[in-house]
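Residue numbers (the numbering used here), protein chains in the order written: chain A, 1 to 240; chain B, 1 to 221; chain C, 1 to 200.
It is possible that some hints are incorrect.
To be verified - So the derived label-pair ranges between C-beta atoms look like this:
hint, chain 1, residue 1, chain 2, residue 2, range
1, B, Ser195, A, Ala194, 39 to 45 Å
2, A, Trp121, C, Leu124, 54 to 60 Å
3, C, Ala172, B, Ala206, 26 to 32 Å
4, A, Gln181, B, Glu43, 31 to 37 Å
5, B, Leu24, A, Trp121, 30 to 36 Å
6, B, Arg73, C, Gly3, 32 to 38 Å
7, C, Asp173, B, Arg73, 43 to 49 Å
Keep in mind that the hints were calculated from the coordinates and are not lab data. Using N, Cα and C, we set each Cβ at its ideal position, and we do this for glycine too.
What follows is the residue order along each chain.
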Amino acid sequence: MIQLLANPQRFMDFSRWAAPILAAAAAILLAAAFWLGFSVPEDYQQGDTVRLLFLHPQLATVGMFAYACLAGSAFFGLVFRHSLADAAARAAAPIGAGFTFLALLTGSLWGRPMWGDWWVWDGRLTSYLILFLVYLAYMALLAAIDDEAKAARASNILALVGVINLPIIKFSVDWWNTLHQTASISLTGESGLAPVYLAPFFLSMIGFLMLFGSLWMVRTRAEVWRRKAGALAVQLAGKA
Amino acid sequence: MTGVGVLFRRELSLAWGKGGGPLLALAFYAAVATLLPLAVGAEPERLKAVSTGSAWLALALASLLSLERLFERDYEDGALDLLALGATGLETICFIKCLAQWLANGAPLALAAPIAAIALGADPDLTPAIIVTALLGGLGFAFTGGVGAALSLGSRRGGVLIAVIVLPLFAPPVIFGAGALEAFASGLDGRTGLSFLAAYSLAAVALGPFAMAAACKNALS
Amino acid sequence: MIGALNIEDLSLARGDRLLFEHLAATVSAGEAVALTGANGAGKTSLLRCVAGFIRPLAGRVTFGGADADEARSAGLHFLGHQDGLKGARTARDELAFQVRWTGGDEASLGEVIETLGLEALLGLEVRKLSAGQRRRLALARLIASPRSLWLLDEPMAPLDAARREMFGALMADHVRRGGLILAAVHDPLPIKARTLEIAG
């Protein structure tokens, strides 16, 4: 795996076939998940809203998983100074931010029928919101420094600082919730996850994770090309 | 006097800026605290309910102010180059800078915090609790903010970028500090919140300098 | 005490731009080398690389008689385009700090102040000084804190002719006592020096 990551050319060769295959697999799983998701009976408590069970937790999980991937790439970028790792970190950010944003959106849609509000400051949603802000901070820092190598390095440090802080933030937000006893959006109701919901839940989860993997590979490839094109342009300009 | 000692005196003198440093922070703090009742409505009951929390939030924001000067000036005028070539490690240098920042700006803010809180309707008996909380929180804000300031070196956006980076990281000390103050205000035990705040701030003090040093080395390269 | 500066097969890049490759040079004790080249050729980057700020693409820099960390924290002076002086502080305070920080002895300051003609400036705030005066203040630490290797980036640019001559004498003195100088310049150095040209 490490050898794969270390060699940009090998990564490009690998991802050329791996990305489309993952995307195809994701499409199949997600289609199955949604078909099942719409055909299962509605929850007696939540009604049709329960179908968000096959969307919101998955989006949120991918949002967090994407950050773990970002932080992992950032670590490799910092320690081994691999430009591919920098490219991977840079590529993961907008995808992760997008998933987190959609998780917030679907979380809000879930809250509306339950609590009558478009937004609730419950522990989980608040933590996701802060995760979203951390993504934005990462992308803002990347964009704000002109020298690409320096920008990548600074953002990688920020990503690692974020990784250490995110559990603390989650802990503090949960603690704050116990103080304020805010209403919490219950995903599964008192009975837990009913067996009939398990299949679409997990199909959707794996499908979205595969989708992330595919998107991440595609974006990383784009980053590698962009850097190459940029370097070529500078070289040509130098000769002009 | 050792290298560390001279550096500390110099950083303290620079952060204090003949009184201009804390004056700016205090003026900003006063301005925010003034705007708050104008925005929220001045009914005593409502204001009192948010008094400790808002005073705390305004404190966090005021701590952001002097961060831009923490590293950027040294980076621009070549002082950071000189510091990096001394016998003292960059981590220690960053530690000294943030410590001086806390003493020169954070401590005066901590002393002003009870005034703001009382003006917003808090109980004057809370003053010792507010000062202790603000001192501890200020330490966390200074060292966490320092990380943001170091990461933004050489960027085009400066102050706003530092705020964007640092505000999510401020969430835990904001929550713990506000929670502690609220507990004290309601007559409950605020010591849990206070211990979490102390833990966060001490972790920031211990770990922050490493991130700052890495960021400075990156900017100097 | 650094005995020599060895630049071995050095390649440097800034961003995506390759500055130079396979640069090899040696500066020995008692020698001064003038670094020449067009603007943007990489003179400043080379100096910063020797000082340890920039990582080379390939090759390395070694110091005879000291390992790299030792050399960079106690063996060399780096004087870049900026002076490293804080505007809000007085010249006296900044001078004392710079000398202290670079391991110099404050007792010898009196002599240095006299040599560089700084007495009148000491009580003033640095921001009130002219560029030439600030440069002379920054030069003081080179004399007051004895370190073998001087890395200078256009050190005399803000100085007038008389002051340049004076600094030339100080450089000659340093070299005579076994010091090393690597200076990036556009005009010839006022002392005898080898030339090292940075071409693309």
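Verification of the hints:
{"no.": "1", "hint": "B:Ser195 with A:Ala194: 39 to 45 Å", "verdict": "holds, 41 Å"}
{"no.": "2", "hint": "A:Trp121 with C:Leu124: 54 to 60 Å", "verdict": "holds, 56 Å"}
{"no.": "3", "hint": "C:Ala172 with B:Ala206: 26 to 32 Å", "verdict": "violated, 49 Å"}
{"no.": "4", "hint": "A:Gln181 with B:Glu43: 31 to 37 Å", "verdict": "violated, 24 Å"}
{"no.": "5", "hint": "B:Leu24 with A:Trp121: 30 to 36 Å", "verdict": "holds, 33 Å"}
{"no.": "6", "hint": "B:Arg73 with C:Gly3: 32 to 38 Å", "verdict": "holds, 37 Å"}
{"no.": "7", "hint": "C:Asp173 with B:Arg73: 43 to 49 Å", "verdict": "violated, 34 Å"}
Checked against the numbered hints given earlier, the structure breaks hints 3, 4, 7 and satisfies all the rest.
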